[in-house]
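*Asks:* Residue strings, one per chain:
Protein chains: 2
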Amino acid sequence: MTYAKTAAFTQEQQQLARVAKALAHPARVAIIQFLASKQTCISGDIAAELPLSRTTVSQHLQELKALDLIRGEIDGLTVCYCLNTELLHRVHQQFTAFFLEATAGSACGPDDACAC
Amino acid sequence: MTYAKTAAFTQEQQQLARVAKALAHPARVAIIQFLASKQTCISGDIAAELPLSRTTVSQHLQELKALDLIRGEIDGLTVCYCLNTELLHRVHQQFTAFFLEATAGSACGPDDACAC
DNA sequence: ATATTATGACGTATATTTGCGACATACTTC
DNA sequence: GAAGTATGTCGCAAATATACGTCATAATAT
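So the protein lines, in turn, are chains S and C.
Residue 1 in the UniProt record's numbering sits at position 1 of the first sequence; the count goes up by one each step and never skips.
Residue 25 in the UniProt record's numbering sits at position 25 of the second sequence; the count goes up by one each step and never skips.
Careful, some of the hints might be misleading.
[As the list claims (entries may be wrong)] Restricting the straight-line Cα-Cα distance to at most 25 Å, the calculated cross-link-like pairs of lysine-lysine (BS3-like) are:
{"#": "1", "chain 1": "C", "residue 1": "5", "chain 2": "C", "residue 2": "38"}
{"#": "2", "chain 1": "S", "residue 1": "21", "chain 2": "S", "residue 2": "65"}
{"#": "3", "chain 1": "C", "residue 1": "21", "chain 2": "C", "residue 2": "5"}
{"#": "4", "chain 1": "C", "residue 1": "38", "chain 2": "C", "residue 2": "21"}
{"#": "5", "chain 1": "S", "residue 1": "65", "chain 2": "S", "residue 2": "38"}
{"#": "6", "chain 1": "C", "residue 1": "65", "chain 2": "S", "residue 2": "21"}
{"#": "7", "chain 1": "S", "residue 1": "65", "chain 2": "C", "residue 2": "38"}
{"#": "8", "chain 1": "S", "residue 1": "38", "chain 2": "S", "residue 2": "21"}
{"#": "9", "chain 1": "C", "residue 1": "21", "chain 2": "C", "residue 2": "65"}
{"#": "10", "chain 1": "S", "residue 1": "65", "chain 2": "C", "residue 2": "5"}
{"#": "11", "chain 1": "C", "residue 1": "5", "chain 2": "S", "residue 2": "21"}
{"#": "12", "chain 1": "S", "residue 1": "65", "chain 2": "C", "residue 2": "65"}
The set of hints was computed from the structure by calculation and includes no laboratory data.
Could you build the full structure based on these sequences and the hints that come with them?
*Replies:* Here it is in structure tokens:
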């Protein structure tokens, strides 16, 4: 799952990177947006919406599920996938904290001017 | 840089995925955090802080620079890297819009209960 | 000029991701 | 139970990412 050197970073950095990796493919971004638009849906619907094979979509779903960002509930023959909004909210807060920290100081001017 | 099927998604989805990919490695998260802590620094300092070789750190720096998230200015013998806070701010807004959209509806209960 | 230092570029080995076809499983219907 | 439907799993090929040693380059100092 990870390269050897990953362990050498802080848990916080690893966690942020892990979630970022989950969003690092447009298909997974699209899946989350699609699940957000419909409150309830089944896996088959998702594959039909994306320009990818059902198998590939299933894999992306498993990746999101592995991080618990989405959940799937078996409902007879179909599977009902939905967003884990609670976790997404926590992740949003993590990202916000990171970006606020990063944008706190104005290290660069508008063009290319470093304040070095 | 990207797989063939990437082009089939919206520009918005691709842009979000691209930035997410830049944050998808703890070393790059650490680099941004380090640059945020010091207002000014040189590449050598960064490599000294991370559990990676100078060569590898340089590569991560180039990746962040390719997205313009950081900027490097040659200052004699050393290179002064600093954050592009303006772009980081815009990226933060993009992520916030995405997460707000995703957390708008309460699709899942606290445990495992889908509202299917 | 020569040695030294700071960095980027290149090549390369290994690990991981992506994408998909083919098969397996489970439930429903007839 | 046989047939059809909805999904997941496995294995494979190709594309990318990761990590680092070695060399090239440019500026500084001696």
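*Asks:* State for each hint whether it applies.
*Replies:* Hints versus structure:
no., hint, in the structure
1, 5/C - 38/C, "39 Å, violated"
2, 21/S - 65/S, "13 Å, holds"
3, 21/C - 5/C, "16 Å, holds"
4, 38/C - 21/C, "24 Å, holds"
5, 65/S - 38/S, "18 Å, holds"
6, 65/C - 21/S, "19 Å, holds"
7, 65/S - 38/C, "37 Å, violated"
8, 38/S - 21/S, "24 Å, holds"
9, 21/C - 65/C, "13 Å, holds"
10, 65/S - 5/C, "22 Å, holds"
11, 5/C - 21/S, "18 Å, holds"
12, 65/S - 65/C, "32 Å, violated"
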